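Each chain, written out:
There are 2 protein chains.
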Amino acid sequence: MVPANQWIKIKAPATVANMVCGFDILGFAVNNPYDEMEMRWMERNSNEPSITIINIDTYQLPTDPEKNVAGAALYALLEEYEALKNGNAKIKFEIKINKLIKPGSGVGSSAASSAGAVVGANYLLGNIFSKDDLVRFAMNGEKIASGVKHADNIAPCIFGGVTLVRSIFPLEIVALPSPQLHVTIVHPQIEVRTSDARSILRQQVQLKDAIKQWGNIAGLVAGLMKSDYDLIGRSLEDVIIEPVRSILIPGFDELKLRCKQAGALGGGISGSGPSIFMLSKTKDIAEAVEKEMNQLYESIGLPHHTYVTTINQAGVEITE
Amino acid sequence: MVPANQWIKIKAPATVANMVCGFDILGFAVNNPYDEMEMRWMERNSNEPSITIINIDTYQLPTDPEKNVAGAALYALLEEYEALKNGNAKIKFEIKINKLIKPGSGVGSSAASSAGAVVGANYLLGNIFSKDDLVRFAMNGEKIASGVKHADNIAPCIFGGVTLVRSIFPLEIVALPSPQLHVTIVHPQIEVRTSDARSILRQQVQLKDAIKQWGNIAGLVAGLMKSDYDLIGRSLEDVIIEPVRSILIPGFDELKLRCKQAGALGGGISGSGPSIFMLSKTKDIAEAVEKEMNQLYESIGLPHHTYVTTINQAGVEITE
Chain X
491 MVPANQWIKI KAPATVANMV CGFDILGFAV NNPYDEMEMR WMERNSNEPS
541 ITIINIDTYQ LPTDPEKNVA GAALYALLEE YEALKNGNAK IKFEIKINKL
591 IKPGSGVGSS AASSAGAVVG ANYLLGNIFS KDDLVRFAMN GEKIASGVKH
641 ADNIAPCIFG GVTLVRSIFP LEIVALPSPQ LHVTIVHPQI EVRTSDARSI
691 LRQQVQLKDA IKQWGNIAGL VAGLMKSDYD LIGRSLEDVI IEPVRSILIP
741 GFDELKLRCK QAGALGGGIS GSGPSIFMLS KTKDIAEAVE KEMNQLYESI
791 GLPHHTYVTT INQAGVEITE
Chain U
491 MVPANQWIKI KAPATVANMV CGFDILGFAV NNPYDEMEMR WMERNSNEPS
541 ITIINIDTYQ LPTDPEKNVA GAALYALLEE YEALKNGNAK IKFEIKINKL
591 IKPGSGVGSS AASSAGAVVG ANYLLGNIFS KDDLVRFAMN GEKIASGVKH
641 ADNIAPCIFG GVTLVRSIFP LEIVALPSPQ LHVTIVHPQI EVRTSDARSI
691 LRQQVQLKDA IKQWGNIAGL VAGLMKSDYD LIGRSLEDVI IEPVRSILIP
741 GFDELKLRCK QAGALGGGIS GSGPSIFMLS KTKDIAEAVE KEMNQLYESI
791 GLPHHTYVTT INQAGVEITE
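So the protein lines, in turn, are chains X and U. Using my numbering, you'd call the opening residue of the first sequence number 491 and step up by one each time. Using my numbering, you'd call the opening residue of the second sequence number 491 and step up by one each time.
Since the hints were made in silico from the structure, they are not lab data. Any given hint could be a false lead.
[Claimed, not checked] A few chain X positions that, by computed beta-carbon distances, are all more than 10 Å from chain U:
#	residue
1	D514
2	S536
3	N545
4	N576
5	K592
6	Q693
7	Q694
8	N706
[As the list claims (entries may be wrong)] A partial selection of chain U residues facing chain X, derived with a Cβ cut-off under 10 Å:
#	residue
9	K575
10	V655
11	I658
12	Q703
13	A708
14	G709
15	K716
16	I730
17	P733
A quick note: this is a predicted structure, and the numbers were derived from the prediction, not measured. Quick reminder that beta carbons are idealized off the backbone N, C-alpha and C, glycines included.
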């Protein structure tokens, strides 16, 4: 257990959920962007709040811990911690959040806060919880952010690498090995609300489309585990979600086409968008892909950010 | 190229399609039962038939090569062979089929004939076609048998082991590594026509069920490739096809329950049934599972056969 009052520093990576064909089940972490946090624990008197949140960025996210995703995740952890200690351990957390992952960009900004907070808290308390427990706690943050307890950003944020959420109830995360992959992300500065991106989906799908989709999912998992880049590329196809959601993202089809012509293995919408990601075999290709993204969005005058990065294998890290 | 008139012997394994959650995409070959064939090639005069089929079993399957699955597969191969030779190679095949896999049992009887025939023909001709080509030819046999050009039995029969049909058009087969698995199969002596088993399926599925299914497919592929038996077992769950098709098979739910209680990892309907398969970690468990199957079907007075076998890694073999 880290001594009371001693600050630790935390680095929580951005994540790409869905991974094209793996809607709600696949995701991976990236090395850039990431959130930074500082955190400490102290003993708590019975009339004190158990969580204090200090935002040191400019996004003006709620500091009321019941409305803040990190707060909701920490409450879930604290409740279980105090139950484990039979109510004899009254503690409180202070957390400073420097959000470098823009909220609403579709690369797991809320997941980074939730996951970073519970991994940090667990470290302070002597790592008493498993990674599966931490995912479970952090999912309470996702519920605040999007109304749904989903784990497809939380899981890769905590485990690092590529993760499969085989089942939500009961929760089962499977870490999937992957070869070196370079990731290019573009964030067009438009707003796509996760709840809107969910509500436009059809609740029924054609069996023949579902079969195509599970062929691609199986192909993607096999490709990652065999380090077969071409198989990964061919499997990055989504016949169910992308055709519906991509209409919310300006220039999507053209962008995807140009990125693949520039050598990308494939890619698609990151989470529920608006960010788009592409996977490439080399850094040079990932940079050529970034150039295509910049050119396209400059030509239509859409403000945007890009990142060229790699898959993050570590997940949330305690850096100090 | 094998000299003209010289007979070769062929062994073509039974196969289990779907593998519970992988409807139309996954399948594996088993070491028992299997079909035996003999085959030779000869030069052909222009007025002679190019394929002669001799059945040496008692099933009275058609010997007209246009109506016989092996014949249809061989026609497809011959057409491409003669085109490759610019029409200068006129040859004919004679094939004797000893069917040991009962037609209609749901363990790839038609696939074994089609796949065995084209692998044999390819061997006679000096192995000029790839395995992917052979799958393509053999699918013509499946079209005769069930009306649909599916590859989920053909692929494991030709490749051996566990296979993924990532895509049918264009055809892409991915061989999946798997750990040692013991297989118990029970064939209750009832008739389930593949076309009936297809027609009762709903053409639309709930998105939430599709998501569960692709979690399990990804889990099964990862479990096979990681040799994680528990993950394989947990992933052998089908929320879409089995609930509909299992009503065609007497005692299905009870049988599955008892087999799992006896230690099976999991299992389900083989192909479109009526056979049921179970996977186990050891031979002892596979035999205990067989005992449960026998007891249940004896108690309800249903004639049946059982097999205790293992996954066949070789696919169709030339034995002489």
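Evaluated hints:
1. D514: violated, 5 Å
2. S536: Holds: least Cβ distance 43 Å, greater than 10 Å.
3. N545: Per Cβ check, N545 (chain X) is outside 10 Å of chain U; nearest 34 Å; holds.
4. N576: holds, 33 Å
5. K592: holds, 28 Å
6. Q693: violated, 5 Å
7. Q694: violated, 5 Å
8. N706: Label violated. Min Cβ-Cβ 7 Å, cutoff 10 Å.
9. K575: violated, 31 Å
10. V655: Holds. Min distance 7 Å.
11. I658: Since the shortest Cβ distance to chain X is 8 Å, the answer is holds.
12. Q703: Constraint on Q703 (chain U) satisfied, holds at 6 Å.
13. A708: With a minimum Cβ separation of about 5 Å from chain X (threshold 10 Å), the hint on A708 (chain U) holds.
14. G709: holds, 4 Å
15. K716: K716 (chain U) check passes; min Cβ-Cβ to chain X is 8 Å, inside 10 Å.
16. I730: Cβ of I730 (chain U) sits 7 Å from chain X, so the hint holds.
17. P733: violated, 14 Å
When held up to the earlier numbered hints, the structure conflicts with 1, 6, 7, 8, 9, 17 and fits the remainder.
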